[in-house]
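Peer 1: Here are the chains, one letter per residue:
Number of protein chains: 4
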Amino acid sequence: MKKDLSGIWAPICTPFTHDDVDMEKLERNMEIYSKTPLRGYFALGSNGEACMLDEEEKINVLGKVIKKKGKDKLVMAGCSYESARGSIAFAKIAHEEGADIASVITPHYFKKVMSDEALIKFYETVADKSPLPVMLYNAPGFAGGVQLSVKAVVKLSEHPNIIGMKDSAPTGPNIFLAHVDRKNFSILAGSANFFLTSLVMGAVGGVLSLANLLPHACHRLHQMFQQNELKNAKRLQQAILRVNQRVSGKFGVAGVKAGMDYTGFYGAEPRLPLLPLSLQERKNVQLAIDKFLQEYPEFSFTARH
Amino acid sequence: MKKDLSGIWAPICTPFTHDDVDMEKLERNMEIYSKTPLRGYFALGSNGEACMLDEEEKINVLGKVIKKKGKDKLVMAGCSYESARGSIAFAKIAHEEGADIASVITPHYFKKVMSDEALIKFYETVADKSPLPVMLYNAPGFAGGVQLSVKAVVKLSEHPNIIGMKDSAPTGPNIFLAHVDRKNFSILAGSANFFLTSLVMGAVGGVLSLANLLPHACHRLHQMFQQNELKNAKRLQQAILRVNQRVSGKFGVAGVKAGMDYTGFYGAEPRLPLLPLSLQERKNVQLAIDKFLQEYPEFSFTARH
Amino acid sequence: MKKDLSGIWAPICTPFTHDDVDMEKLERNMEIYSKTPLRGYFALGSNGEACMLDEEEKINVLGKVIKKKGKDKLVMAGCSYESARGSIAFAKIAHEEGADIASVITPHYFKKVMSDEALIKFYETVADKSPLPVMLYNAPGFAGGVQLSVKAVVKLSEHPNIIGMKDSAPTGPNIFLAHVDRKNFSILAGSANFFLTSLVMGAVGGVLSLANLLPHACHRLHQMFQQNELKNAKRLQQAILRVNQRVSGKFGVAGVKAGMDYTGFYGAEPRLPLLPLSLQERKNVQLAIDKFLQEYPEFSFTARH
Amino acid sequence: MKKDLSGIWAPICTPFTHDDVDMEKLERNMEIYSKTPLRGYFALGSNGEACMLDEEEKINVLGKVIKKKGKDKLVMAGCSYESARGSIAFAKIAHEEGADIASVITPHYFKKVMSDEALIKFYETVADKSPLPVMLYNAPGFAGGVQLSVKAVVKLSEHPNIIGMKDSAPTGPNIFLAHVDRKNFSILAGSANFFLTSLVMGAVGGVLSLANLLPHACHRLHQMFQQNELKNAKRLQQAILRVNQRVSGKFGVAGVKAGMDYTGFYGAEPRLPLLPLSLQERKNVQLAIDKFLQEYPEFSFTARH
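Protein chains in written order, with my numbering: chain A, 1020 to 1324; chain B, 1020 to 1324; chain C, 1020 to 1324; chain D, 1020 to 1324.
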């Protein structure tokens, strides 16, 4: 049964206290998100620092997100491993935990030999054996420059258990959207920087780190597009781009966490080698959010509690 | 107590049969290596496909390498995790298993924020808490382009529990060798392509994937350098570079494994997304080795059994 | 007096016969273009192979484009030199020839030291001394990866003699559009791949190599956007992206020229080291155009003559 | 008649006064160089800022270098143009001026299509028509990342009018040296960073920007290698690498010019967009040279006058 993936997805952050996963803080964040119009969550992704969690931590985090997800929300579980075997094994666990979708980044450690042929075989094997439908995750910024080609995505989009792609490449998904039959393959924008333009070209939604701190703003932008308010949408998109660049763009996950701390969530510290923001950097993040909320005060009420 | 790291290290490959680690084949490879003049082994490195092994497989492989290492040989264990926490945890396991050194690649998933400050803090934290002495592993080809700066290496070389660096960047370690006090910090070349020139500039040895298939040739090159036979060394280095490029350079780990199959070891198949070589590719690897052994027949007798 | 730059610009190709500029073929192309709804021309740009023309050839080509431009059309002249001195000198010549605007690519030979400071000083000096208003030209694909930062563009947009930017970076101009006051600074999309999305975000037009072969299709897309026919625009944009990728995207200038030959212009051969397309490549270009014209037959009548 | 290219080549800088070429300062520099053991000069190269000189300036500079070259010294003239036509035309001029060799960098503006096929055709056409023997110039740092492949160099080395290659890629020429028949093809190291190791592997000399300020030190390193003083050579190479990094490595041409000012030559200012060094940067260059001369005082006497 095909799921409707349209809408905003938050790539859930993992709060740490003294380098341990803080399940209580995660639970409180989920309680707030569950009352927002978010479509769903991406657990164990890049913003979740999944590459730095051990297996037990990953299962605990995923379990908590699923338990607290709220009504009618979907959970996409990061099942990214360098081997097909690893991705399949975790997709089975995620399925047992109750996740809806498995997201798998392009393998990249052996970048030199990650040809179309290798990536297609990898994803087809994972999709054949995964009990969950699979989302491709194209993110050269995290994957050492490896990215999916149009040819590979067109081929993979025909697999019955591959349902879509999250595209975080800085060029955005426009090229893929022009080549893929989007009836059976949903494309999600992977950055707030190009969310509106991706919608214009056919994306059904976005997995946006900014939704971790400003979920209502992201949702409203989607709504404006759906209601054909293009001028308003452009203005909001530009404000969103500006704040996004000064938070996630400049500081990555640690910036998103500092922003969450400021808008009423529990961001907490990242895990080493990610460094927490300095006081000055933290102030810069807050200033960027203040500036955004001065222009759009309507998005400040819910997140701050 | 400082260990002498001089000599040739083989970055041990992990043979798979039907996608499972084949411990028997690994054991037979180790039996041959144990009778060669190799200085030691790098277990759980890139050539060992460690990023695709689960924790249990890693411990089994490491245990086997240590058990079969042969007299007076050292074992460096890959303890590469994206988090300091993960690297420390595995260094403790490797220490219990009997490894001598912990090798840790630069973390790289969050490439954008891997500043000198982040990398220095990461390695200092790992070195503070690791029961094993730590080797830095600089390999931008695997680490998505992340590399250690001269400044970071100079700083880290002062840490009492950081004993050296393996450098696999295509430029070779010459710049580091000119800036670091090499009394307390040993640099190993990470590619046969620049082994001789690294020795000339002060490296003490090399971790060479070619040593997996042609250990004697690599050892002889080191010996020629030590005995000041520079003209012979140059000729052998050039032949080694040519075969290395056509095996590991062109095909990566799968090429090294095909080469091992040909010279009398058990390379076996790589794990997906690495693809095994096609028949034609396999022939090309064999031709490159044949060409090398025609020029240097003295290196053929031991490996073929 | 501020000029309205809105619309489609063709980056005029330079036809060669036996390695000499073929002024007659250039003239015939201009005669056709002059009857199209193009806003203007970019002479001596990348598609004009300006980097391979000598000074005399450049002046002849520019003179011809200006003489044959047609009523109310603007001419932007490529004044790209590695030195400020060179750009200024040519801007004076272009002014005397009757050009309207000077376009200057980021200098890039000394990439390592092309800091914000250097690029800002360069452009400010050129703009101070150029008799023509200056357009920044951001094209990392031609400029060895050098690109203008948001900070540099914001600063340069305040200069009274800098009137805009053509952005050919694969990410498109969205980030610049969100940061620059666009009342006094016009941004043009530099690729048909992201033309519609650039318009949505505030670009006033595009300099599109595809306009060299399919000027009416490009113009119609702009019109659809202006008339708020967003669904039709999306469909046409996707078709344009597909043909653009198979012509300019795959083959560069030589592909554009082969496409021009097919749609009724004189593309002719490129200058070495650019290679003319093989017969098979030429057929692939023609097939891509046929496919586009099957979907949009209304754009075929004018160009074919 | 084959020329012996062995030795140190200085890539002559072009001094500017108020943005004009200062022929008098150039002449004085040449008078000093002519009394050194330099093998020859590379005029109109990257360090000569040739890409920023107009045709008349280029001819004047080249003429001056040739006139003042000193007995038995060779002059290599930069004949780098994006088109084969341009390179051939200037090689004819350089020949008339009395140059010995034409050096041509890889064309790179159209990077995307600079295949082996295009580069081979380009160089073969230039070599066919150039009255001067041609040196390939591989310098991805200036050429936007374009570099010659082993396959292309092997093919081009067979052309009777291509006599060698200058390699400035950070990996150094070792891979080329292992694949090319060096009887008819001389390879020169293009950076002092890897001069000694290139000699060890078969290079015949180097075109070293450091020779502009410290010609005797560079020459002595070559001599040590020739006299098989490998330990002394290693120590000097490391000191040379350190000073080279802090001068040319950090600041490029402007750093080399500041260094020349300090060691008794006329560096003078670079041309915009190159920026002159700040006072602090200039001091850092001087400190680096002081440190080198403290370790090697024997190289200070000649340059300072």
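None of these hints come from the bench; they were simulated from the model. No residue lacks a Cβ here, since even glycine has one placed at the ideal position from N, Cα and C. Mixed in with the good hints there might be a few duds.
Cβ-to-Cβ under 10 Å is the rule here; a few derived chain B residues that face chain D [said to hold, decoys possible]:
1) I1078
2) N1079
3) P1189
4) Q1246
5) N1251
6) L1294
7) S1297
Over 12 Å on every C-beta distance to chain A, these chain B residues come out as not near it, computed from the model [to be verified]:
8) K1044
9) P1056
10) S1065
11) A1069
12) R1104
13) H1127
14) A1137
15) K1170
16) N1203
17) N1247
Peer 1: So is B/N1203 really clear of chain A, every C-beta pair being over 12 Å apart?
Peer 2: holds (24 Å)
Peer 1: Does the interface hint hold: is B/I1078 within less than 10 Å of chain D, judged Cβ to Cβ?
Peer 2: violated (37 Å)
Peer 1: Does B/K1044 clear chain A by more than 12 Å, comparing its Cβ with all Cβ atoms of that chain?
Peer 2: Holds, since 18 Å exceeds 12 Å.
Peer 1: Under the criterion of a CB-CB separation shorter than 10 Å, is B/N1079 in contact with chain D as hinted?
Peer 2: violated (37 Å)
Peer 1: Restraint: B/L1294 near chain D, CB-CB cut 10 Å. Satisfied or not?
Peer 2: B/L1294 check fails; min Cβ-Cβ to chain D is 23 Å, beyond 10 Å.
Peer 1: Quick one, is the B/P1189 hint okay against chain D at 10 Å, beta carbons?
Peer 2: With a closest approach of 5 Å, the B/P1189 hint holds.
Peer 1: Confirm or reject: B/K1170 is not an interface residue toward chain A, with every Cβ-Cβ distance exceeding 12 Å.
Peer 2: holds (16 Å)
Peer 1: Quick check on B/S1297 please, does its C-beta sit within 10 Å of some C-beta on chain D?
Peer 2: violated (21 Å)
Peer 1: Given B/Q1246 as an interface hint, is its Cβ closer than 10 Å to any Cβ of chain D?
Peer 2: violated (12 Å)
Peer 1: Does B/N1247 sit more than 12 Å from chain A, CB to CB?
Peer 2: holds (36 Å)
Peer 1: Is the Cβ of B/P1056 more than 12 Å away from each Cβ in chain A?
Peer 2: holds (30 Å)
Peer 1: Looking at B/A1137 again, its CB stays over 12 Å from all of chain A?
Peer 2: B/A1137 not clear of chain A: closest Cβ-Cβ about 5 Å, inside 12 Å.
Figure legend: structure checked against the earlier numbered hints; hints not met, in rising order: 1, 2, 4, 5, 6, 7, 10, 11, 12, 13, 14.
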